[in-house]
Amino acid sequence: MQLTISIVFFDSLWIKTNKGMTRALIGEIKTFISAYEKEEYNKDSLIILFQEHLDFNVKFEPYKILPKEDLERWFSPIDRNLRRELKSKISNYWFDTTSYKNLIDLKIKYGDGYFQFYIPKERVTSSSARLFAFWITLPAFLLITIAIIFLKNQTRPIINLARASEKFGRGEDIEEFRPSGALEIRQAGFEFEKMRKRIIRHLNQRSEMLSGISHDLRTPLTRIKLQLSFIKDKEISKKLSDDVEEMEKMLNEYLQFASSRSAEITETFDLSELLKTTIMKYEKKEITTDISKEVFLDGRKNLMQRCFSNLIDNAIKYSANVYISLRKLNNNILITIDDDGPGIPENERENVFKPFYKIDKSRGDSKSSVGLGLSIASDTVKSHGGNIKLETSPTNGLRIKVILPF
Numbered sequence: 001m002q003l004t005i006s007i008v009f010f011d012s013l014w015i016k017t018n019k020g021m022t023r024a025l026i027g028e029i030k031t032f033i034s035a036y037e038k039e040e041y042n043k044d045s046l047i048i049l050f051q052e053h054l055d056f057n058v059k060f061e062p063y064k065i066l067p068k069e070d071l072e073r074w075f076s077p078i079d080r081n082l083r084r085e086l087k088s089k090i091s092n093y094w095f096d097t098t099s100y101k102n103l104i105d106l107k108i109k110y111g112d113g114y115f116q117f118y119i120p121k122e123r124v125t126s127s128s129a130r131l132f133a134f135w136i137t138l139p140a141f142l143l144i145t146i147a148i149i150f151l152k153n154q155t156r157p158i159i160n161l162a163r164a165s166e167k168f169g170r171g172e173d174i175e176e177f178r179p180s181g182a183l184e185i186r187q188a189g190f191e192f193e194k195m196r197k198r199i200i201r202h203l204n205q206r207s208e209m210l211s212g213i214s215h216d217l218r219t220p221l222t223r224i225k226l227q228l229s230f231i232k233d234k235e236i237s238k239k240l241s242d243d244v245e246e247m248e249k250m251l252n253e254y255l256q257f258a259s260s261r262s263a264e265i266t267e268t269f270d271l272s273e274l275l276k277t278t279i280m281k282y283e284k285k286e287i288t289t290d291i292s293k294e295v296f297l298d299g300r301k302n303l304m305q306r307c308f309s310n311l312i313d314n315a316i317k318y319s320a321n322v323y324i325s326l327r328k329l330n331n332n333i334l335i336t337i338d339d340d341g342p343g344i345p346e347n348e349r350e351n352v353f354k355p356f357y358k359i360d361k362s363r364g365d366s367k368s369s370v371g372l373g374l375s376i377a378s379d380t381v382k383s384h385g386g387n388i389k390l391e392t393s394p395t396n397g398l399r400i401k402v403i404l405p406f
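For what it's worth, the UniProt record's numbering labels the leading residue of the sequence shown as 1, then goes sequentially.
Just so you know, the hints here were simulated from the structure itself, not pulled from any lab data. Backbone N, C-alpha and C fix where the C-beta goes; we use that ideal spot for every residue, glycine too. Treat the hints with caution; some may be incorrect.
Below, simulated SDA-like cross-link-like pairs (lysine to any residue); rule was C-alpha separation at most 20 Å, straight line [unchecked claim]:
(1) K19 / D112
(2) K109 / P67
(3) K197 / E208
(4) K301 / I403
(5) K167 / S180
(6) K249 / T219
(7) K107 / A24
Computed spacing ranges between beta-carbons, pair by pair [claimed, not checked]:
(8) N351 / I200: 23 to 31 Å
(9) Q205 / T392: 35 to 43 Å
(10) L142 / T98: 29 to 37 Å
(11) S180 / R218: 46 to 54 Å
(12) I146 / Q205: 44 to 52 Å
(13) F406 / T289: 45 to 53 Å
(14) W135 / R186: 36 to 44 Å
(15) T137 / A35: 41 to 49 Å
Build the full structure now, drawing on both the sequences and the hints.
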């Protein structure tokens, strides 16, 4: 609207007013020259009369020629109006609007010399344009400033809600979210806080249930182990002891799965050093590494170490050789774990990330596994904002690809 008002003002009022003022000035100058040519008027008195009543200075410079240097500014409205009016009424002229701040230097050819006029610029332009521009710019600036402040106050709660959602999605521990802003934004914030508490309560219940079951089962298993030590038949005792150890391994996996969502402080750590430390535990295994140095990640260190252990355990369990690499890729960290084992069929690759899921062939034939290792690894990677994929390795085994943002 203000743009439209400005265009209308400059077109219909300011420009036309300036044209009229310029036309009137040139008419006065033309009148002066016509009167100067008549013999009945005294030349000096005529000059004094025009200077007193028409607000410009004029003098005749005999035996001089007009300057050849063209000082017209084609982009200036004042120069454009002067040129248009002078062309229509006076044939031989020269003017300069730049040498003096508040004056126009106008020279008009007459006889063997020229008339030199010093004309105030206010005779050809209206000063109301600056005032109008000021009053139309100031409110616009104030309104824009108010709008920016208002929008910032409205978008800040949305940004805070988005950041809280992102942190919670990565599994980070966030303080109680306090909604703010407009009614609709506050309502969304309250619903997010309710959802967050429900999810946390559900996860805590799951962890407590699995932890309770695992701890409760440890007591009778301990008693069984003690009783087995009194059995004289060593063969039977050995078989039963193996079964008990297998059950203990399963219980450990249950506890590990239950604690995979436990609260842990987020910190910045060297992921490459963490991976190297984890690999050192498997020094007797054939593991080839290609790990970039000083790759830092904001996350939960212990949880990531557990994730690496599960993935490496899965690889070395079914293959003779394992190849591990870590490198930066654009804005991500890429970790690949390749093996030369039997691999996993493509139609089963999504299912193995489900808790307690076991496939019947090749990788699912271990009695000591309850199918939680890859599920824990997947939860850990996704809680850090990453992704985990299973592909066929170059050695026709399984490739585990982990992508983490940094």
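Hint-by-hint comparison with the structure:
no., hint, verdict
1, K19 / D112, "violated (31 Å)"
2, K109 / P67, "holds (11 Å)"
3, K197 / E208, "holds (16 Å)"
4, K301 / I403, "holds (16 Å)"
5, K167 / S180, "holds (18 Å)"
6, K249 / T219, "holds (15 Å)"
7, K107 / A24, "holds (17 Å)"
8, N351 / I200: 23 to 31 Å, "holds (27 Å)"
9, Q205 / T392: 35 to 43 Å, "holds (39 Å)"
10, L142 / T98: 29 to 37 Å, "holds (34 Å)"
11, S180 / R218: 46 to 54 Å, "holds (48 Å)"
12, I146 / Q205: 44 to 52 Å, "holds (49 Å)"
13, F406 / T289: 45 to 53 Å, "violated (20 Å)"
14, W135 / R186: 36 to 44 Å, "holds (39 Å)"
15, T137 / A35: 41 to 49 Å, "holds (45 Å)"
Hints 1, 13 from the earlier list are contradicted by this structure; the remaining hints agree with it.
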